[in-house]
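Last residue of the sequence shown: number 255 in numbering that gives the first Met the number 0, and the count goes up by one each step with no gaps.
Treat the hints as calculated values from the structure; they're not laboratory data.
Owing to the predicted nature of the structure, the values given are computational and were not obtained by experimental measurement.
Watch out, some of these pointers could steer you wrong.
Stated by the list, open to error - Label pairs and their in silico Cβ distance ranges:
id: 1; residue 1: D222; residue 2: K193; range: 37 to 43 Å
id: 2; residue 1: S202; residue 2: D244; range: 33 to 39 Å
id: 3; residue 1: Q69; residue 2: Q229; range: 15 to 21 Å
Claimed, not checked - Listed next, the in silico EDC-like pairs over lysine to aspartate or glutamate satisfying Cα-Cα at most 20 Å (straight line):
id: 4; residue 1: K192; residue 2: E211
id: 5; residue 1: K66; residue 2: D100
id: 6; residue 1: K236; residue 2: E253
id: 7; residue 1: K237; residue 2: E253
Ideal Cβ positions, reconstructed from N, Cα and C, are used throughout, including at glycine.
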Amino acid sequence: MFYLKGTITALAFSLFLSSLSYANELNKLMFITESYPPYNFEASGLLKGIAVDLLVAASNKAGSPLKRNQIKVYPWARGYRATLEEPNHVLFSTTRTKERDPLFKWAGPIAKTKIVLLAKNDSGIKINTPEEIAKYTVGTIRDDVGEQLVKALGVPDSAIKPSSNADSLVKKLNTGRVNLWAYEENVARWFIKKNGLQSGDFSVVYTLKEAELYYAFSKKTSDELINQLQKGIDEVKKAKGQVTDTLYNDILSEYL
């Protein structure tokens, strides 16, 4: 009887350790991204970009390798809501702001980012103060940081024209259905070129925010997992030889 109890106890302890190991694996989390080039996007069926490559490299360094096909591509608003409401979700690339800071846990940074208002050159639009934005219609992605920033400046909902994807906003801006587009500059110019337009035909008329992109974790995610990824990111950014000789800089050079 003592032997049986000892066996059962040992088995229970083994299962407990196994569950801890499972719980502490980064690749068991739900990773969500959107089409947001050059940071995260699909090309020829492969998910790639600065944030994707950094995540894969960091997970390898952390000893919990993540495969690209494990990352889900959702519309931004859907991924944002899921990460707010569900445990063990990770959303990227997410601009870290004062307003968002308490809503998630964070690892990063991925890269610097600049959120701007773009207008067509021939529109003649010039904006010197935040108050002037409300005179125009502003295209946004639902729940994107650009939308949140223009709302924070007091732009009325009647002037904000949300959409679910960037391709439709490029077309609306080009045809004058919206006067301005609130978005990350590098990403906006990527989509402009993707739609067969000239990036030089569009100008930044106002900078909403300069910040950094991060991986945003749902609040109920284990701090240990977040620390694992953070250590992996730090390792990727560590110099291999000279100060600028890093795996991270190799990743950046692929896309910028």
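Exercise. Taking only the CA atoms, is the gap from K237 to E253 under or equal to 20 Å?
Worked result: Holds, at about 18 Å.
Exercise. Given the proposed pairing of K66 with D100, does the C-alpha separation stay at or below 20 Å?
Worked result: Violated, because 28 Å separates the two Cα atoms, which is more than 20 Å.
For this session: Please test the hint of 15 to 21 Å on the beta carbon pair from Q69 and Q229.
Result: holds, 19 Å
For this session: Take the C-alpha atoms of K236 and E253, compute the straight-line distance between them, and say whether it is at most 20 Å.
Result: With a Cα-Cα distance of about 15 Å, the restraint between K236 and E253 holds, given a limit of 20 Å.
Exercise. Hey, K192 versus E211, does the alpha-carbon distance stay inside 20 Å?
Worked result: violated, 24 Å
Problem set entry | Beta-carbon spacing of D222 to K193 - inside the hinted bounds 37 to 43 Å or not | holds, 39 Å
Exercise. Has the hinted range 33 to 39 Å been met by the Cβ atoms of S202 and D244?
Worked result: For S202 and D244 the Cβ distance comes to about 36 Å; the hint holds.
Of the numbered hints listed earlier, those contradicted by the structure are 4, 5.
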